[in-house]
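Participant: Those protein sequences? They're chains A and B, same order as listed.
The C-terminal residue of the first sequence carries number 107 in my numbering, and the numbering is unbroken.
The C-terminal residue of the second sequence carries number 189 in my numbering, and the numbering is unbroken.
Since the hints were derived computationally from the structure, they do not count as laboratory data.
Keep in mind it's a predicted model, so treat the numbers as computed, not measured.
C-beta atoms are modelled at their ideal positions from N, C-alpha and C, and glycine is treated no differently.
Treat the hints with care, as some may be off.
As the list claims (entries may be wrong) - Now the stretches of chain B that chain A is said to cover, found in silico as 3 or more residues with beta-carbon under 8 angstroms:
id: 1; segment: 57-63
id: 2; segment: 120-127
id: 3; segment: 159-171
Listed here are the chains, written in short residue letters.
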Amino acid sequence: MNTIPVEQSLLLAAMLFVIGLIGVLSRRNVILMLMSVEIMLNAAGMAFVVAGSRWVQPDGQVMFIFILSMAAAEVSVGLALILQMFHINKSIDTKTLGKLHD
Amino acid sequence: MLIVFYLAAIVAIVSTILAVTRSNAVHSLLYLIVSFLASAVVFFVLGAHFIAALEVIVYAGAIMVLFVFVIMMLNVGSETEIAEKKWLSIKTWGGPAILSLVLFCELAYVVLTKESLPGSEAIVTPKEVGISLFTQYVLGIEIAAVMLMSGIVGAYHLAQIKKKSKHRFLGGEE
Numbered sequence: 006m007n008t009i010p011v012e013q014s015l016l017l018a019a020m021l022f023v024i025g026l027i028g029v030l031s032r033r034n035v036i037l038m039l040m041s042v043e044i045m046l047n048a049a050g051m052a053f054v055v056a057g058s059r060w061v062q063p064d065g066q067v068m069f070i071f072i073l074s075m076a077a078a079e080v081s082v083g084l085a086l087i088l089q090m091f092h093i094n095k096s097i098d099t100k101t102l103g104k105l106h107d
Numbered sequence: 016m017l018i019v020f021y022l023a024a025i026v027a028i029v030s031t032i033l034a035v036t037r038s039n040a041v042h043s044l045l046y047l048i049v050s051f052l053a054s055a056v057v058f059f060v061l062g063a064h065f066i067a068a069l070e071v072i073v074y075a076g077a078i079m080v081l082f083v084f085v086i087m088m089l090n091v092g093s094e095t096e097i098a099e100k101k102w103l104s105i106k107t108w109g110g111p112a113i114l115s116l117v118l119f120c121e122l123a124y125v126v127l128t129k130e131s132l133p134g135s136e137a138i139v140t141p142k143e144v145g146i147s148l149f150t151q152y153v154l155g156i157e158i159a160a161v162m163l164m165s166g167i168v169g170a171y172h173l174a175q176i177k178k179k180s181k182h183r184f185l186g187g188e189e
């Protein structure tokens, strides 16, 4: 049996996390920023699952289930906030939020 | 089994990069769904079958449907119809379809060749996960339940549009 190397799985999780981080930092559309946050959460959960399968323990999958429920709650609240932002500003560009500054 | 892992990893990285760089929200949503499906294949290869199923059902199913709803709610107007025609062109769904085809070929490969499944010693069964979840981590389950409840109440409270006037008699005087 040929097992998957742990280093390469963790590298995949790290690459997905960095792509999500670049998305959060570079995009200005709020929906795309929220989607990038989802990518980052998924990558963090993947690291947990990789560690859990390395030591054949269920704890990694338990942590992934917690991350999953946290992501679901975060997305519902975040999308409600986006709806309110669109209702007030008529835009989902984060640049329009800068008028709080003045 | 290694080739399945590498193909799924390449599909995941390519579709995630495309999801982050698309200008149209619907395009990047399609690529994001493909990325989650590829992550599910990676979880399956790692021996976490239960988590692979959860990834497809909850991430690619429920959470992405929420995104679809909000994107469709925000895209109101007369230009929606033209945009709808544009989305149905092959340029929109061609890329995600090719990436999904790769994942489908992997699925067929894994199903048809039984011996390439990961060894039974590396698999953490759903039974073990459930036992650990409801004995060792039962406090975490309760905290997650409270958090989901507050999430539901918070989303309901935040998403409702406030009325301008408090009362029908008070509204006209201001």
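Participant: Let me make sure I understand: some of the numbered hints might not hold for this structure. Which ones are they, in numerical order?
Facilitator: Hint 2 alone not satisfied by this model.
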